[in-house]
Every structure is written in C-alpha cells, then in structure tokens.
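Chemist: Each chain, letter by letter, is given below.
There are 4 protein chains.
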Amino acid sequence: MALKAGVVGAAGYAGAELIRLLLAHPEFELAVITSNSDEGTPLTQIYPSFEGACDLAFTNHENPALKECDAVFLAVPHTAAMAQVPGLLEAGVSVFDLSADYRLDSVEEFESWYNAKHTSPELLKTRAFGLPELFPEGLERLAADHAAGKPALVACAGCYPTATSLGAAPAVRAGWVDGTVIVDAISGVTGAGKRATQRTHFCSASDNFEAYGVGKHRHTPEIEQILGLKDRLVFTPHLAPINRGLLSTVSMPLAESARGLKIEDVIAHYQEFYAESQFVHVLPAGSLPRTASVEGTNACHIGLALHEASGTLIAISAIDNLCKGAAGQAVQCANIVYGFPEACGLPTVALPV
Amino acid sequence: MALKAGVVGAAGYAGAELIRLLLAHPEFELAVITSNSDEGTPLTQIYPSFEGACDLAFTNHENPALKECDAVFLAVPHTAAMAQVPGLLEAGVSVFDLSADYRLDSVEEFESWYNAKHTSPELLKTRAFGLPELFPEGLERLAADHAAGKPALVACAGCYPTATSLGAAPAVRAGWVDGTVIVDAISGVTGAGKRATQRTHFCSASDNFEAYGVGKHRHTPEIEQILGLKDRLVFTPHLAPINRGLLSTVSMPLAESARGLKIEDVIAHYQEFYAESQFVHVLPAGSLPRTASVEGTNACHIGLALHEASGTLIAISAIDNLCKGAAGQAVQCANIVYGFPEACGLPTVALPV
Amino acid sequence: MALKAGVVGAAGYAGAELIRLLLAHPEFELAVITSNSDEGTPLTQIYPSFEGACDLAFTNHENPALKECDAVFLAVPHTAAMAQVPGLLEAGVSVFDLSADYRLDSVEEFESWYNAKHTSPELLKTRAFGLPELFPEGLERLAADHAAGKPALVACAGCYPTATSLGAAPAVRAGWVDGTVIVDAISGVTGAGKRATQRTHFCSASDNFEAYGVGKHRHTPEIEQILGLKDRLVFTPHLAPINRGLLSTVSMPLAESARGLKIEDVIAHYQEFYAESQFVHVLPAGSLPRTASVEGTNACHIGLALHEASGTLIAISAIDNLCKGAAGQAVQCANIVYGFPEACGLPTVALPV
Amino acid sequence: MALKAGVVGAAGYAGAELIRLLLAHPEFELAVITSNSDEGTPLTQIYPSFEGACDLAFTNHENPALKECDAVFLAVPHTAAMAQVPGLLEAGVSVFDLSADYRLDSVEEFESWYNAKHTSPELLKTRAFGLPELFPEGLERLAADHAAGKPALVACAGCYPTATSLGAAPAVRAGWVDGTVIVDAISGVTGAGKRATQRTHFCSASDNFEAYGVGKHRHTPEIEQILGLKDRLVFTPHLAPINRGLLSTVSMPLAESARGLKIEDVIAHYQEFYAESQFVHVLPAGSLPRTASVEGTNACHIGLALHEASGTLIAISAIDNLCKGAAGQAVQCANIVYGFPEACGLPTVALPV
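Chains as they are written, first to last, in this note's numbering: chain A, 1 to 353; chain B, 1 to 353; chain C, 1 to 353; chain D, 1 to 353.
Treat the hints with care, as some may be off.
Since copy identity is lost for identical chains, a pair holds within one copy or between any two.
With a Cα cut of at most 20 Å, we get these calculated DMTMM-like pairs of lysine to aspartate or glutamate [unchecked claim]:
(1) K262 x E272
(2) K4 x D70
(3) K230 x E308
(4) K125 x E90
(5) K216 x E264
(6) K4 x E27
(7) K216 x E308
(8) K150 x E68
(9) K262 x D231
(10) K262 x E308
(11) K125 x E111
(12) K67 x E27
(13) K4 x E29
(14) K150 x E137
(15) K216 x D105
(16) K230 x E108
(17) K67 x E224
These are calculated hints, taken from the structure and not from any lab test. Quick caveat: nothing in here was measured; it's all calculated off a predicted structure.
Can you build the whole structure from these sequences, using the hints too?
Modeler: Now the structure itself:
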C-alpha cells in the first residue's frame with residue numbers, strides 16, 4: 001500500500017516539482033498539498049501541466065491531514081520549516097526538509113547567516129544531511145531508525161552545494177586540494193523562486209547574464225561545511241536565462257603531492273568514486289556537461305580538466321536545480337529512508353532536445 | 001516478452017524523441033537505431049541526455065537487424081520512407097511512418113506537393129492514417145489484421161495537421177463551419193529539423209518571430225484532407241523561439257445555423273467529443289492553452305472563444321510538435337495496433353515550470 | 001535651442017524608451033522624468049543602460065517643472081493620462097499621449113471598452129490621431145496650429161493597431177477587402193508592461209507561447225476605427241518569448257473585383273502607398289518580415305502573400321512594440337508637429353544580429 | 001570629406017557590426033564590403049535590418065576597390081588577415097585587424113597556439129595593440145605616423161581579453177595580485193560565429209549552459225600577455241543562451257600588501273583608473289554589471305567585490321562581444337588613429353529593456 005505524502009509550500013517551484021515526482025512515484029500517494037497564498041485554488045489553475053493528472057486543490061499549512069501523512073516534504077522558506085518540523089515529528093511523520101533550517105551543523109553559523117533564531121537546535125543532532133552520494137551514513141542510520149518506528153528528519157542539501165560538492169568532493173577527499181577554491185556557478189531563473197520581481201521579470205532576465213550575491217550568498221557556509229573548506233572558498237553565483245539548470249565551475253589549486261596527476265587518473269578516480277551511483281555520471285576526457293542534458297532529471301553530469309601550468313583542477317558539474325538540487329534529491333533521500341530502490345520513481349533521462 | 005523496436009533516422013529530433021519514448025515503454029525493447037550520417041557514433045555522443053540509459057550506437061539504414069524487429073518507426077524525410085516500407089512489410093515488420101509518404105489519400109496530390117514520384121501507391125489503400133482521436137477505425141482495422149498476423153503500416157499525421165485538426169474537427173464535423181478557415185500556427189525550432197542552417201542558428205532564431213512558407217506549406221493538403229476543406233483553408237505557419245511546442249489558432253466562420261451557439265455549448269460539445277481521450281483536454285471557458293504545459297508529453301490542450309459580432313469560432317490548440325506531433329503519436333498508434341493501453345509508456349505531465 | 005521635454009510615467013518600458021530616444025534627439029533636451037512609484041530614484045538604478053548618459057532622477061507626476069516643458073510625453077495607463085492632459089494644454093504644453101484615452105473617436109466606445117468615464121471628451125475634436133503614415137492630415141493641422149502658438153494634443157496609436165493597420169490599410173483603402181478580417185498577432189513581453197506578474201515571470205513566459213484576451217482585447221475597437229471594419233475584425237493576440245517585437249498576420253478576404261490581382265500588383269500597390277515613408281518597407285515577393293530586424297527602431301517591415309484558391313490576401317507586418325508601437329511613433333508625431341524632419345533622432349537600423 | 005572605409009569578411013557577425021557602426025559614423029563612408037561566400041548578394045538579403053539604409057552588395061576579398069579605401073577593417077579568421085595586411089599597407093591603406101594574427105608579441109606563441117606559420121612577423125614591431133584604455137601609447141604613435149602619411153596597422157584585442165583585462169588591469173597594475181588568477185567567463189552565441197553548427201543550433205544552445213575549450217582557449221596567451229600573468233591564469237569560457245554579451249568574472253588572490261584594502265578603496269582606485277574613459281563605467285559598491293545593459297554599445301561595466309576571509313578580489317566586467325569586444329573597439333582605435341573624438345560614432349546607450 002502506498003505511503004501518504006504531503007507537500008508543504010506546494011505552489012512554489014520546488015513544491016510543484018515535488019508534486020510531479022510524487023505523482024509518478026509507485027510507492028507514494030500524494031494526499032495533501034498546501035500553500036497559504038493559494039488556499040482553495042486547484043493545482044491545475046496554477047500549473048496547467050497537471051491537467052488530467054491531479055485534481056487536488058491547495059489547502060493551508062495548518063491542514064491537520066499533514067499529520068496523517070507518512071512523509072511530509074517541506075518546500076518553504078527558511079524559518080517556516082522550523083515552525084512545522086517538531087510538530088510533524090511528534091505526530092510520527094517523517095520530514096524531508098528542502099529549506100536551510102537544519103542544514104548547518106553549527107547553530108551559530110545558521111543564526112549569523114540567516115539572521116534568525118533557531119528554535120529547535122536539538123534536532124540538528126539527529127537529522128541526516130540529505131546529499132546521499134557524499135553522506136550515505138546518516139541516511140542509512142535514519143533508515144534503520146525508521147524500520148524501528150522512528151520518524152526521520154532529513155535536511156536536504158541546497159542546489160549550489162549539491163552541484164559544487166559533487167564536483168569537488170572526490171578531489172578534496174583525496175587530499176589533492178590545497179589553498180583557496182574558486183566556485184563560479186550559474187543557476188536558472190527558477191532558482192530565484194516563483195515570486196514575481198523585477199529581477200525575475202522576463203524582460204530583465206532574458207537576453208541577460210549577471211552575477212549576484214557575490215561574497216555573501218547563503219550557500220557559502222553549507223559548501224564550506226560539506227567540503228571542509230572554511231574560509232577557503234570563494235563562491236560567486238550568476239543568473240543565466242534558462243528556466244532550470246545549475247552549472248558549477250570549481251577551480252581547485254592542487255596540493256604539491258597531486259601535481260603529477262594526469263587527467264586520465266583524475267577521471268578514473270572520479271568514476272571509481274561514483275561507481276555505485278545511478279545519478280552521477282563522470283564524462284570522458286574532452287566531454288563537458290550541459291545543463292540541458294540533465295533538465296527534469298535527478299542526474300548530475302561532471303566534466304574535468306587540468307590546467308597543468310598553474311596546477312589547477314577544474315571540475316564542472318551540471319544538475320537541474322529543482323530536481324537533483326531540490327525535489328529529486330528529497331525523494332532520493334526518502335527512497336533510502338524507506339528502503340525503496342534509490343532511483344525509484346526518479347527521472348534520469350532528459351528530453352534529448 | 002518485449003517487442004523489438006527499431007528507429008530509422010534516429011539521430012534526427014523526432015528519432016531521438018522516439019528513442020526516449022521507447023526506452024521508457026514497458027512493452028518495447030529498443031533494438032536498433034539507424035542514422036546514415038552518424039553511423040558508428042554512440043547515441044550519447046549526439047544526445048548526452050541518454051547518458052547511463054542507453055549504450056546503443058547508430059548503424060546505417062541498411063542494417064539487416066531492422067527486418068528482425070517487430071516494429072520499425074521511420075523518422076526519415078519524405079521519399080526515404082517509401083524506399084524502406086515495402087521491404088519491411090514484406091519481412092513481416094509493422095511500420096509506423098512519421099514521414100509524409102503515405103499520408104495523402106491522393107497520389108496525384110502527393111506527387112504535386114512533394115514533387116516526387118510515389119513508388120508504392122498501392123499501399124495507400126491499406127495503410128491507416130495515424131491520428132487516433134479523429135480516425136480510430138483504420139487503426140482498429142490494423143489491430144485486427146495484426147492479431148491475424150499481418151504487419152501494419154501507419155502513416156502518422158504531421159505536427160501542424162494534428163494540432164489544427166484536433167482544434168477544428170469537433171466544430172467542422174458538427175457542420176458548424178462555413179466559408180474559409182484561417183489557420184495561423186507557430187512551431188518551435190525543433191520543427192525545422194536538426195540540420196544546422198542560418199534559419200535555425202541561435203542568433204537568427206532567438207529574440208525573433210517570423211512567418212514562413214506562407215501559402216505553400218506542405219501540411220496544407222493534409223489539413224484540407226483531414227477536415228474536408230479543399231481550397232477553403234489558409235494556413236500560415238510561424239517560427240517561434242522555443243525548442244518544442246506548436247500552437248494552432250484556427251478561426252472558423254460559423255454557418256448560419258450555428259450562429260446562436262453560446263461558448264458554454266461549444267465547450268460542452270468539444271468535451272463530449274474528446275470524452276474518451278486520455279490526451280486531449282478541452283479547457284474551461286476563459287482558459288487558454290500554453291505550449292509549455294504540454295512540452296515533452298503526448299497531450300493536447302484546447303481553448304475556445306467566440307467572436308459573436310462576426311460569427312467566428314476561434315479554437316486554439318497546443319501540442320509538443322515532437323511528441324504528440326510526431327514520436328508520441330506514432331507510439332500511441334503502435335499501442336492501438338498492438339492492443340496495449342492507448343497511453344502505455346506515454347508521458348502526459350509536463351514539467352510544471 | 002533645444003526644446004524642453006518631459007516624460008510622465010518614465011519608469012515604465014515605454015517611458016524608458018522615450019528617454020532613450022529623447023536623449024539621442026538633436027532638437028530635444030530631456031528635462032523632467034516622473035514616476036510616482038520610483039520618486040527620488042536615479043534613472044540608472046532602474047535602467048543601468050543609461051550609465052554615463054543621464055543623471056536625472058525620477059520625480060513625481062505633480063512636478064511643476066512639467067508645465068515649463070515645451071513637450072510632455074505621457075506613458076501612463078489609461079485614465080491617468082486624462083488627469084494630466086487638460087492642465088498641460090492650458091499651460092501651453094504640447095502633449096504626446098501614448099495611452100488610450102484620446103484614441104477612440106467615440107466617447108461611448110471608449111467608456112464601454114475601458115470601463116471608465118471620459119473627463120475631457122471635448123478634446124477628442126481637436127486632438128490628432130498619431131499614426132502618421134495613415135493619418136497625416138491631423139498632424140499637419142496641429143503643426144500649423146503649433147506654428148500659430150497653440151499647443152498640440154496627439155493620441156498616439158497603440159502597438160497592435162499600428163502594425164495591423166500599416167499591413168492592412170493599403171488593401172482596405174483600395175477597396176479590395178470584403179468580409180471578415182482575421183488578425184492573429186504576437187507581442188513581445190515588454191507589451192505586458194513592467195509590472196512583475198506571474199505571466200511576465202521569466203519562468204512562465206520563456207519557452208512558452210500562448211494566446212490571451214481572445215475576442216476582448218482593447219485594441220480591437222481602435223483597429224476597427226482605423227480600418228473602418230466595425231464588427232468585421234477578429235483580433236487574437238498572442239504572447240511570444242521575446243522582449244520587444246510585434247508581428248501581425250492579417251488575413252483579408254478579397255472582394256470579387258480584387259480576385260484577379262497578382263502578388264506583383266499587390267506589392268507594387270503597397271510600395272507606391274508607402275513610397276514617401278522613411279520607416280515602412282514593403283519587402284519583395286518571397287521575403288517575410290522578422291521582428292528582430294526592426295528591434296529598437298521605428299521601422300515597419302511588411303511582407304505579402306496571396307492564397308488564390310480562397311481569394312485571401314495575407315499581409316504580415318513587424319514593428320518594435322516599444323518604438324514604432326509606442327515611443328518612436330510619439331517622437332515621430334512630435335517631429336511633424338514641430339516641423340522637424342520626420343525621422344529626426346529616430347533609429348532605423350536594428351542590430352544586424 | 002568622409003574617409004572611405006572597407007570591411008573584409010563583412011558577412012560574418014563582427015563584419016555586420018562594423019557595417020552598422022560605419023554607416024552611422026559621421027567621418028566614414030562605407031565603400032566596400034566583401035565576403036567570398038556571399039559574393040554578389042545584397043547586404044539586406046543576409047541582414048534585413050539594413051533595409052532602407054544600405055544598398056551595397058558583397059564583393060569578393062580581391063576587390064581592388066579595397067586598396068582605394070582610406071581604412072580597411074578585417075573581420076576574417078586568423079591567417080586570412082595575414083594574407084591581406086601587407087598588400088593593403090603597401091597601398092597606403094590603414095588596417096584595423098579584428099583577427100588574432102597580429103595580437104601576440106611572440107611569433108612563437110602565435111605559431112604554437114594557432115598552429116600556423118606567421119608570414120609577416122616584421123609587422124609585429126610596428127603594429128599597435130588595440131585596447132585603448134590599457135595601451136594608449138601605441139595608438140598615439142600610430143596617430144602621429146598617420147598624420148605623417150604612414151598607414152597604420154592595429155591588432156584589435158579579442159573579446160574575452162578585452163573584458164577580462166579591463167576588469168583585472170587596475171588591480172594587477174597596482175601590484176595587488178599574487179598567485180593564480182581564475183577567469184570564468186561567458187559569451188553569447190554570436191561569439192561562436194555565423195557558421196551554422198550543431199553547437200550553435202537554436203535547439204542546442206537555447207535553454208542550455210555549458211563550458212567549452214577548458215584549459216585550451218586561444219585567448220589565454222593574449223590575456224596572459226596583456227596582464228603579464230604567464231602560466232598564472234586559468235581561463236574557462238562558457239556559452240550562454242544570449243545573442244550578444246560577454247561577462248568575465250575574475251578572481252584575483254591579493255598580495256600580502258593588499259590584504260587590508262576595503263572595497264571602497266578598490267572602487268575608488270578603479271574609478272580613478274578609468275576616470276578619462278567614456279566607455280568604462282565602474283559601478284558603485286553593491287552594483288553588479290549586466291550584459292543586457294551594454295548590448296549594442298561600446299561600453300564596459302565593471303563591478304567589484306572582496307572576499308576578505310580568503311583575500312580575494314572579484315572583478316566582474318560586462319561588454320558586448322561584437323561591439324566593445326570586436327567592431328566597436330576597432331572603430332574606437334580608428335577614431336584615435338585618425339584624430340577623431342574617441343567616442344565618435346560609437347553607441348554608448350543600450351536599449352533600456
């Protein structure tokens with residue numbers, strides 16, 4: 001029998017993507033969708049792509065039916081997640097949180113970057129960080145807990161941290177990287193959210209390319225935490241005129257000991273690192289990832305190059321910011337917690353064109 | 001056991017879409033893909049979205065393995081299909097032809113519009129026209145033939161004819177339409193094919209909108225044939241800066257007898273007309289179709305409006321030109337011929353954003 | 001000495017375009033820009049393209065400096081224009097109004113379509129309609145008045161009416177057209193205005209094509225008035241994923257007497273019709289207009305085709321909705337009223353790519 | 001009296017941009033345009049934006065009229081420029097070369113990166129490098145020579161080198177930068193040239209973002225040469241789905257001595273550095289450049305940020321790759337050589353939207 005799933009913040013872009021994935025998932029039944037601002041509105045009125053596929057309407061975040069779900073996916077802004085999580089866990093509901101509220105290990109760092117008080121810091125000890133390829137243990141621990149009847153809390157990784165870390169981790173964990181890592185990344189406009197603003201207006205965002213939040217984007221401490229690069233990471237995000245897609249170009253100075261590496265060695269190491277993954281594909285030498293080739297999927301494509309004169313490794317990784325960078329990763333985490341095959345219900349093939 | 005399927009002309013856009021659909025189809029096994037110009041090249045090199053999902057390489061059109069398939073889908077230009085069809089049928093292979101070669105009932109009309117001699121006109125008598133919502137009988141006849149061991153030939157409808165006819169047929173068949181019908185339609189750039197030309201160069205096609213082939217597009221006789229509007233159809237196609245998507249705006253002068261219709265009556269009639277369809281959705285009054293909402297799916301969304309002062313019915317229909325307008329429709333026809341559920345393996349929900 | 005010019009509603013897209021044109025105009029000095037919502041904000045903060053070119057800041061609409069201008073251009077919504085015009089005229093300021101307030105000859109029609117009371121209907125008698133290629137007389141009358149010291153009021157034509165009428169008028173005025181005219185037109189997203197809405201969000205508008213306002217767009221009575229086609233015009237606007245550009249495809253049933261026309265005759269007639277125009281270019285047979293080729297300019301490109309079987313003339317015209325469809329046309333009208341060369345200060349060459 | 005100008009390779013994108021600029025330039029008369037592949041074709045057939053503005057047709061590169069020009073602008077691929085330059089100089093014609101043939105000081109470096117023999121290395125001694133804001137002396141020398149009757153040869157800087165160097169030079173020349181500089185840059189698709197390829201096909205390039213030529217782009221030695229960063233520069237170019245525009249994000253490790261700098265100091269230094277420039281605008285703290293805001297112009301917008309924890313200065317610069325990055329810069333160089341005002345005939349204000 002299918003598990004009942006709820007999506008909180010379902011009218012936003014990550015929420016709508018969760019709906020898409022859960023409707024197609026053989027083990028979940030989508031039971032509740034909430035959006036305070038669209039309460040009462042049928043889903044198809046906001047997202048006509050669900051015409052004929054789902055006749056749910058949005059309810060509000062206080063809908064008691066959420067507590068009767070097996071799993072609730074939170075696609076709300078930071079602090080709004082904290083407001084819901086303890087109550088859901090108490091009701092025995094497992095929570096897959098796409099917000100930033102439980103991502104950072106350090107409460108202080110959270111409170112300083114997000115300028116908000118953390119109201120349930122004790123949960124940071126038991127939550128798992130949701131980036132399965134790099135942190136499988138926490139999710140396996142929750143799977144065991146869940147089998148023993150305990151609800152799970154997963155803090156799913158952010159979009160930039162996911163792509164950047166998948167690209168950098170195999171080198172960093174191998175001890176190859178020394179010095180300051182430069183991350184120049186781009187996101188599609190869905191990354192800026194559904195709220196209509198001057199920046200997301202078609203006439204501003206199309207035919208344009210720009211950087212934003214230079215030196216102060218909130219994904220910085222999360223990437224530092226994942227990679228162990230405190231104060232050694234320069235992260236510059238950019239906005240590209242595409243709907244979905246995130247590409248992270250990571251330039252890593254090689255440690256003395258790693259200077260002799262050939263590109264074939266690097267690629268072989270990365271392929272070995274991701275040998276078990278159904279989602280991460282390390283491309284052969286000379287091939288570079290395209291965001292279009294992973295759009296709508298939970299895949300991550302990684303390309304690699306060496307700049308030998310300066311001793312720099314360049315890793316470039318592409319994901320769909322709403323899928324592997326948000327909703328897809330959350331479902332992947334849920335699959336692990338519930339003991340389903342990791343790729344269950346998750347798209348892996350993008351439109352070819 | 002899965003049926004073996006082959007795709008001829010698999011490196012083109014409709015061919016790649018066939019690959020995507022057949023890989024996801026539970027009843028087919030993709031066995032052969034051909035492309036004379038890309039012979040020997042792995043599929044993933046041309047279309048990296050298949051990374052991890054398919055390790056076939058392109059063979060050439062003469063690959064004898066085609067004749068060992070149960071079904072072959074032809075995604076080649078007109079006249080190239082004719083060159084293959086008789087041999088395949090003779091070998092007992094069912095053929096789903098996406099080209100124009102067997103669409104027109106009249107050999108003369110084919111030869112005049114396509115400026116080519118038809119080399120197997122006798123097949124026109126037994127082929128079915130592949131537009132299931134409007135012409136189910138032919139496909140059902142082939143299903144019976146197939147059950148009796150006879151291979152099928154389906155001439156799948158073109159992209160503009162599919163969208164335009166789905167929008168116009170309920171009114172035309174009800175006898176509501178009199179006079180000249182004006183069809184202004186747009187296609188995404190995939191409609192112009194994979195060949196790189198000045199017109200399909202990003203720098204020409206983006207930030208631009210233009211008409212083309214005014215008064216002489218080869219889909220004109222096909223639409224006339226489907227709707228029975230010989231010399232009463234003005235078809236003006238336009239190129240829009242989107243990858244996939246086709247929207248057809250059909251303005252139909254109402255016959256005297258239909259002048260009193262209210263928009264609610266019209267919508268009710270259309271909804272009744274498509275009540276059995278899993279793909280065609282007639283939108284409520286005030287809603288209009290968006291190409292993005294059907295992208296990557298076999299769905300067709302139809303919106304309707306009346307201009308009472310002049311007695312004109314406006315039907316607007318949106319499809320994905322590569323899916324419902326090409327590959328998806330071919331698979332839908334195959335589903336019918338083989339007795340599978342009509343929507344088997346076919347996507348119906350587009351990315352919400 | 002340069003004339004002092006003011007722009008009211010200068011933070012909107014048409015307003016910003018007026019700023020661009022007036023800054024480059026040798027006979028005007030841009031003295032005042034107003035925007036109630038952006039009062040106090042420097043222009044370059046909203047529109048960084050003016051960096052280094054203009055250090056004005058927005059003031060509010062009540063800025064008394066407006067009455068010290070020679071010419072004020074109004075780029076405000078309907079009814080907001082009415083609120084300003086009488087006072088400006090009284091102060092001796094000539095007004096070039098881009099809103100709809102003074103376009104329709106009939107007060108009743110205005111009040112019914114715009115659902116608002118007209119507060120200065122007497123001005124409709126003396127205002128000129130601003131579409132110089134089709135209505136030169138009114139503007140010449142105002143030029144004479146101006147020379148005699150009287151301020152002018154020009155109601156500049158709307159974007160869809162401009163493109164559609166330039167495409168249709170040569171045929172309609174020749175008496176060639178009988179029956180119902182079908183206009184299917186597209187606009188770039190700037191046509192929807194600067195306000196950030198779900199419809200204009202990049203993620204809704206990009207990769208999408210849709211119709212809107214079918215059968216009820218407020219430009220309908222204006223086109224009917226210009227062409228004399230009351231109740232014989234079906235106008236269906238569409239939204240295309242481009243910033244600027246408007247293309248109107250006009251299908252006109254030919255009167256019996258015009259059935260024998262050859263396309264060369266039609267083109268010759270159109271070229272003759274626009275022989276004096278520096279902005280309207282009638283393309284040779286086989287060529288069709290592209291919106292990109294007129295972007296940022298005051299030009300209009302027209303292509304023509306005949307569908308002989310049904311006796312239909314198809315005229316396709318492309319303009320930039322913000323320039324020839326709004327700000328450029330206003331400056332063109334001002335040039336005529338002030339006796340400057342008609343093309344003075346107006347761009348006519350688009351970026352080639 | 002206007003100087004006669006010729007454009008060789010005029011059918012390419014940089015060539016067409018040269019035509020646009022020269023047609024609008026008060027001191028030049030465009031006399032000859034050449035394109036071997038489009039010989040005999042009217043300009044307006046390839047670029048309809050020139051309708052009504054220019055009735056020249058393409059001639060071939062051997063057109064003797066080139067040698068009667070005062071100035072010839074070469075917009076041909078590398079090695080094709082070398083084939084023309086000596087003959088033109090000998091005929092007394094000044095040459096503004098947009099190719100790479102005379103950019104690199106070192107013949108060896110040219111021959112190794114471009115895999116071609118240099119046939120006129122002696123000209124490297126007298127040519128000026130065409131990046132006026134950073135290398136004014138060479139151009140002033142040529143201006144003096146020209147006044148004395150000697151034809152000039154200017155090797156105009158490439159697009160990536162221009163944007164990157166304008167962003168980095170003020171810091172590098174101040175001695176602030178130590179260690180390896182990381183340049184992640186994007187170009188619009190015009191940067192890939194007019195040839196229709198799979199990569200530039202609309203259906204590949206739109207809705208996509210990717211890197212290319214990582215570690216081996218030919219602009220690398222040119223940037224190294226301009227900035228004096230031999231083997232200390234990692235340059236990773238990316239392709240963005242815009243027509244025009246180039247944005248370079250340069251991350252520079254600060255030397256010990258520059259660690260205490262505040263962002264206000266940095267900005268003040270940059271503004272001082274470019275105080276005389278009419279084209280380069282250094283934005284205030286918190287503002288970042290947008291490619292759309294310089295499209296179609298010869299402007300460069302620069303934004304700056306400091307990452308204090310790692311001691312990194314981030315400079316982001318935006319130009320139009322075809323204008324300031326190619327044709328505009330060539331005309332700017334010509335203005336200097338001929339003693340015209342530096343901004344003569346050059347656009348500085350982009351479309352606001």
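Chemist: Hint by hint, say whether it matches the structure.
Modeler: How the hints compare with the structure:
no., hint, in the structure
1, K262 x E272, "within (16 Å within a copy, 44 Å between copies)"
2, K4 x D70, "within (5 Å within a copy, 41 Å between copies)"
3, K230 x E308, "between (26 Å within a copy, 13 Å between copies)"
4, K125 x E90, "within (16 Å within a copy, 69 Å between copies)"
5, K216 x E264, "between (35 Å within a copy, 17 Å between copies)"
6, K4 x E27, "within (9 Å within a copy, 29 Å between copies)"
7, K216 x E308, "between (31 Å within a copy, 11 Å between copies)"
8, K150 x E68, "within (15 Å within a copy, 54 Å between copies)"
9, K262 x D231, "between (28 Å within a copy, 18 Å between copies)"
10, K262 x E308, "within (9 Å within a copy, 33 Å between copies)"
11, K125 x E111, "within (16 Å within a copy, 61 Å between copies)"
12, K67 x E27, "within (19 Å within a copy, 39 Å between copies)"
13, K4 x E29, "within (5 Å within a copy, 33 Å between copies)"
14, K150 x E137, "within (17 Å within a copy, 56 Å between copies)"
15, K216 x D105, "within (19 Å within a copy, 40 Å between copies)"
16, K230 x E108, "within (14 Å within a copy, 43 Å between copies)"
17, K67 x E224, "neither (35 Å within a copy, 57 Å between copies)"
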